[in-house]
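Novice: Work the whole structure out from these sequences, hints included.
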Amino acid sequence: EIFTEVRLPEDQHRSAAAFGVHPALLDAALQGLFLRDRPESGPGPDRPSAGLPFSWRGVTLYASEATALRVRLGFRPDGSVAIDATDSNGLPVASVEALAVRPIDLDALRPAGGPESLYRVQWSAAPDTAPARPLGPWAVLGGRAPLPDADSHPDLAALGAALDGGAPPPAAVLAWCDPAPHPLSPPDAASVHTALDDALRLVQEWLADPRWDDGTRLVLVTRGAVSTAAGEDVTDLTGAAVRGLVRSAQSEHPDRFLLIDTDDPAAVTGLLPRALAGTEPQLAIRARQLLAPRLTRATITTDLHPDPDTNPAGTAASGGTVLVTGAGGALGGLVARHLVTAHGVRNLLLVGRRGADAPGL
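Position one of the sequence shown corresponds to residue 3 (the numbering used here), numbered consecutively onward.
There could be a bad hint or two in this list.
Said to hold, decoys possible - Now the in silico label distances, taken between C-beta atoms and shown as ranges:
hint	residue 1	residue 2	range
1	Glu-3	Ala-65	40 to 48 Å
2	Arg-203	Gly-92	50 to 58 Å
3	Ala-231	Pro-170	34 to 42 Å
Derived by calculation from the structure, the hints in this document are not laboratory data.
Quantities reported herein were computed from a predicted structural model and do not represent experimental measurements.
Where is the CB? At the ideal position from N, CA and C, for every residue including glycine.
Specialist: As structure tokens, then:
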């Protein structure tokens with residue numbers, strides 16, 4: 003026997019009235035099937051299998067609108083499962099006399115071909131757009147960017163004061179999003195929040211000042227905040243967070259911002275005219291070349307168990323990280339262990355609603 007207790011999130015309690023037993027509760031109750039000590043016998047000793055509900059017999063509903071269930075799974079000699087579910091007070095909600103579970107060979111789930119609706123982001127050479135005229139002077143905010151031929155100002159307010167004093171308007175305004183003082187050490191939450199607050203304030207000030215409504219774009223430069231190729235690490239996690247915030251602003255205010263990520267700060271100077279001549283909202287500089295993100299069809303394998311000798315790209319054992327959502331649940335834990343023992347995965351990112359407080363984490 004296996005006993006489990008499952009419950010709906012509070013924001014789903016009202017929806018329980020629409021069902022005899024809420025589908026999410028029923029699904030969660032059946033997750034206990036994966037906790038059996040005795041594995042399902044598959045089509046062969048070396049063939050993986052999964053047990054799937056096949057037929058229901060003797061289903062009785064005693065009450066509805068339950069938001070939590072205490073479930074007993076009783077495994078019968080014929081392989082079927084008896085289910086008894088009560089509410090938090092022990093009153094019966096539903097029972098199943100026998101649920102037949104049939105093992106299925108995972109190879110039977112293999113599609114005839116890979117899905118054609120999957121895409122991935124690929125960084126490729128940006129269109130070679132020549133500037134219509136030479137780029138005039140530009141301004142750099144923060145005063146820390148190693149860019150020649152640029153006027154440096156502590157912040158946007160200081161730049162505005164210089165313009166009020168008769169300084170020529172810049173053709174572009176650059177804000178250098180500095181990485182953490184120690185790039186090899188990951189930033190803490192406080193430093194990321196501070197960087198996001200600063201970026202949000204800058205974006206709001208830029209949008210509120212009518213002097214920048216003439217088509218001048220605010221260029222935010224990061225270094226190592228985006229991966230443009232397989233195997234390329236993101237070294238500036240704070241900058242990556244800032245990019246995410248600014249991309250949200252770009253969706254609301256097109257043509258007001260330009261994101262550039264570079265591997266060489268000195269290369270920004272020579273490529274800035276080309277970057278501003280085009281209409282790309284985000285670019286990357288790698289080996290002094292401008293790259294732009296494009297959606298391309300993803301090539302995937304249909305093999306559920308790729309051979310690492312013939313298809314090493316189909317495994318994560320080469321050093322990649324696998325994200326497992328719902329890792330605090332029974333199924334998520336089984337998936338994580340299977341990835342380690344069967345596929346040699348060594349880096350797992352376990353995500354769950356309860357975080358580190360989940361049992362087993």
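Novice: Evaluate each hint against the coordinates.
Specialist: Do the hints match the structure? See the list:
no. : hint                           : in the structure
1   : Glu-3 to Ala-65: 40 to 48 Å    : 22 Å, violated
2   : Arg-203 to Gly-92: 50 to 58 Å  : 55 Å, holds
3   : Ala-231 to Pro-170: 34 to 42 Å : 39 Å, holds
When each numbered hint is compared with the structure, a violation occurs for hint 1 only.
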